[in-house]
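Enquirer: Top line first, the protein sequences correspond to chains A and B. First residue of the first sequence? That's 1 in UniProt numbering, and the numbers climb one at a time after it. First residue of the second sequence? That's 1 in UniProt numbering, and the numbers climb one at a time after it.
Relax, there's no trap hidden among the hints.
Cut-off 27 Å, straight-line C-alpha distance, at most; resulting in silico cross-link-like pairs (DSSO-like, lysine-lysine):
| hint | chain 1 | residue 1 | chain 2 | residue 2 |
| --- | --- | --- | --- | --- |
| 1 | B | LYS168 | B | LYS108 |
| 2 | B | LYS40 | B | LYS168 |
| 3 | B | LYS40 | B | LYS108 |
| 4 | B | LYS40 | A | LYS14 |
| 5 | B | LYS40 | B | LYS106 |
| 6 | B | LYS168 | B | LYS106 |
| 7 | B | LYS168 | A | LYS14 |
| 8 | B | LYS18 | A | LYS35 |
Honestly, the hints are just simulated from the structure, not real lab data.
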Amino acid sequence: MAAQNDQGYVEFVKFSKFFTMRLVQAVVQSRLGHKISSPCTVAGDGSDWFNVRIEEFGEVTAEMRKATGGRYPPTYPNLCLDFLLRTVDGEELPLESWCVSYDCMNANPNIGVRSQLYHQLGTLLKSTIAASRVTPTYRYYARKQSSDTFIILYQIYAGEPRLDLGDGRRETRIGCLPSPYGSLSVDLRYRTKMVISSLEKSGVENLRPLPTREGGRKAEEGRGEEEDEGRKGVVFGTSPTAYAEPLSPTSDVNSTFSTSPASADLPWFGNATSPRSSQTAFKLGRSVSSSEDSASSRDAPKRYSGSGEPVFKMEMSGSSPKPSSSFPERTVVSKTPLRQRNNSFPFAALLTASSSAPNEPAIIEQSLTGSQRSATVTSSIPRGSQARSLNKLTEEEKIEEGKEEKEEEKDKEKIGDKEKTAEGKEKTEEEDEMESSDDSFVKVPANIFASHEDLNGDLGEFVRQCKTAPPQLRSFDIPVLTAEEVEGSPSIEDIPKQLAHFEADAARFDSFISGLRCELEEHSEDEEA
Amino acid sequence: MNARNQQFQLTVESRQLKEAVSCVFHTLLLHRSVGKFRYKAEGSYSVGVVGTEDVDCDYVDLTYVRANSPELTDLLESDVGAFCDAIGSVPQTVVSGRIALEFFQKRKRQWPLPEDVVPWEIWQLQVDVVRVESENEYHRLRDSVGECLGDAVLTVCGAVNRPLYLPKMPIQSDLSLVFDTRLSDIQPYLFRVVHQLGSGPGDYHRRMLKPGETLLPGASEGLSTTVRKLLKDTLSL
Numbered sequence: 001m002a003a004q005n006d007q008g009y010v011e012f013v014k015f016s017k018f019f020t021m022r023l024v025q026a027v028v029q030s031r032l033g034h035k036i037s038s039p040c041t042v043a044g045d046g047s048d049w050f051n052v053r054i055e056e057f058g059e060v061t062a063e064m065r066k067a068t069g070g071r072y073p074p075t076y077p078n079l080c081l082d083f084l085l086r087t088v089d090g091e092e093l094p095l096e097s098w099c100v101s102y103d104c105m106n107a108n109p110n111i112g113v114r115s116q117l118y119h120q121l122g123t124l125l126k127s128t129i130a131a132s133r134v135t136p137t138y139r140y141y142a143r144k145q146s147s148d149t150f151i152i153l154y155q156i157y158a159g160e161p162r163l164d165l166g167d168g169r170r171e172t173r174i175g176c177l178p179s180p181y182g183s184l185s186v187d188l189r190y191r192t193k194m195v196i197s198s199l200e201k202s203g204v205e206n207l208r209p210l211p212t213r214e215g216g217r218k219a220e221e222g223r224g225e226e227e228d229e230g231r232k233g234v235v236f237g238t239s240p241t242a243y244a245e246p247l248s249p250t251s252d253v254n255s256t257f258s259t260s261p262a263s264a265d266l267p268w269f270g271n272a273t274s275p276r277s278s279q280t281a282f283k284l285g286r287s288v289s290s291s292e293d294s295a296s297s298r299d300a301p302k303r304y305s306g307s308g309e310p311v312f313k314m315e316m317s318g319s320s321p322k323p324s325s326s327f328p329e330r331t332v333v334s335k336t337p338l339r340q341r342n343n344s345f346p347f348a349a350l351l352t353a354s355s356s357a358p359n360e361p362a363i364i365e366q367s368l369t370g371s372q373r374s375a376t377v378t379s380s381i382p383r384g385s386q387a388r389s390l391n392k393l394t395e396e397e398k399i400e401e402g403k404e405e406k407e408e409e410k411d412k413e414k415i416g417d418k419e420k421t422a423e424g425k426e427k428t429e430e431e432d433e434m435e436s437s438d439d440s441f442v443k444v445p446a447n448i449f450a451s452h453e454d455l456n457g458d459l460g461e462f463v464r465q466c467k468t469a470p471p472q473l474r475s476f477d478i479p480v481l482t483a484e485e486v487e488g489s490p491s492i493e494d495i496p497k498q499l500a501h502f503e504a505d506a507a508r509f510d511s512f513i514s515g516l517r518c519e520l521e522e523h524s525e526d527e528e529a
Numbered sequence: 001m002n003a004r005n006q007q008f009q010l011t012v013e014s015r016q017l018k019e020a021v022s023c024v025f026h027t028l029l030l031h032r033s034v035g036k037f038r039y040k041a042e043g044s045y046s047v048g049v050v051g052t053e054d055v056d057c058d059y060v061d062l063t064y065v066r067a068n069s070p071e072l073t074d075l076l077e078s079d080v081g082a083f084c085d086a087i088g089s090v091p092q093t094v095v096s097g098r099i100a101l102e103f104f105q106k107r108k109r110q111w112p113l114p115e116d117v118v119p120w121e122i123w124q125l126q127v128d129v130v131r132v133e134s135e136n137e138y139h140r141l142r143d144s145v146g147e148c149l150g151d152a153v154l155t156v157c158g159a160v161n162r163p164l165y166l167p168k169m170p171i172q173s174d175l176s177l178v179f180d181t182r183l184s185d186i187q188p189y190l191f192r193v194v195h196q197l198g199s200g201p202g203d204y205h206r207r208m209l210k211p212g213e214t215l216l217p218g219a220s221e222g223l224s225t226t227v228r229k230l231l232k233d234t235l236s237l
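One chain only, chain A, in its complex shape (with noise of 0.2 Å):
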């Protein structure tokens, strides 16, 4: 191996670091969920490594930093990115790892680093560019995040990839380049069976969410300086405070970025221990620190791991065609002459939940315009299997809120509780409606005005004469009515006569309203004088 003290090999250091962030920020900005344009310009700039147009959000920059402390291959052999599929309910499937992998033993010192290495390493990167588009992940996903459905996280880190992507997964290396100094490597690895199970777990404990604004260019360079340089894994803050940065000068795709599902207003991202909580905690819009995000992110694949049952029951049909190319595992089911993709592909639901439209018809009509993708991807899973799958999982829902109910009573049997079964029921919803209320309300105590003498002013004197009110005033007394009076009480045929007799008095009305204007007035000309 060459003298790693060259002029060659600093180059080289400093090609594979700038090579692993653009092609970390190429595939992060891919799963955005938005379409990507760059224009082909004749004077590039001195961001444009590689001869490849690639915008540079500060924040996936400061992420990497985070994660590697600023070191990227061939200091560190590998550097992973780990994309996940997060729902709103907090499950999480794996799905794809991209690696950057340095290889110090195969060399080839005929390769020119400024010259070759340098192209060469362009021609990858776009690769990787090309490559991200046809995944699973960008197929099926990534266009069709939504609040309301399921988001896609990243993660990155320094060492061997350590994501379960289940049987089935899927391997390709997109491109090893020797040099002189080693060769670089991008291999991926992803999933083709959209399956979750329940001991499965996604072995990532600090998920990051796609970025909501833009870094900016270069907004970050220079920040890592301070990062813990011997950190290999991270310690994500996945703080939504945190994209309120003003990380960059640039905001042209800033409006893009609000409209993404990854936003800092959905604090479900990290509170993934309970589908309920985080529920509530989503329509409360409130804002989670970091710390609770991170640990409810660790703490959300134990929850599955702990409980024998599986949230999701995959249905597994015998006929299921063995995963042939690169695409998710689906079923052909003879009576439906649609390809059934995702008969046992779980996640299919989450596809569908966020069409709006559940005409079929119309649907395929949509397809054949052509305009919408999302759509037709939507029309070619069966209504069918859809249902299927939210039945499902409604009732298992069901059944383990059941089991939940019945321990909390035996529970209470335990210590004694001798109320009657229906006070007791009355008290387990009560208890029930409190879990639900997720500890993200702020309870407002029952007793603050209790001692109103310290309260000031007109809000003390109106405590006050609330708390001294007579319980019924004499005005608002309706007398009750017996029988008789009710039988003796005009009838709505008694009306048109009450309305005659009273137009017929109106007149005399009228002239008691004018005697009373003229009293008021000369009471007035009397206090003028």
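Chain A is fixed; fit chain B onto it per the hints.
Expert: Same frame as chain A, but now just chain B:
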């Protein structure tokens, strides 16, 4: 010099043909294009930047990436459109055709001989165009074609990053022998698109064809006969 040769097989519906071919060829051209060279002096030049663009297919469940150059897109579209028109003109239920994207370089020869054209990489697409009877069939095809094209894109990515032959970076005077310098915003390697109808093992890529020129089955014999006759006539003189 032997050119690298790679072939893909696709079965598509007529509406999908253009998008399918464009997906594969644009992916290839993205990899085989560089930023526009701007020479300051001989041996000193700056390289432009290649921008990319996501393209959502209308008739295939797929998004692909292409170089964001309208000029390059128009250039390719005219060639692919000619192939699609040729396929569409055949009144058969199933129509087969082959379309190839060839990257080549030119080599100067002594006057008065013209420049020699040497292909160094050939990507062939064997396409069977079928007619679908129902919407369900069409939707199945949308998905399956998307899968096949996705696999093709990954195959292209794996292939172009192998340490294989690429023409050397030329000096300024020879730039047009390696790169297509007609475009204002991007500089692809010299390429051409040729096609023929039918599924026979045609050797169209070994002959000089103008971009978009169609070789019908049986036309090759006619061409070779004509050339042979021309040579005989010349020698007899």
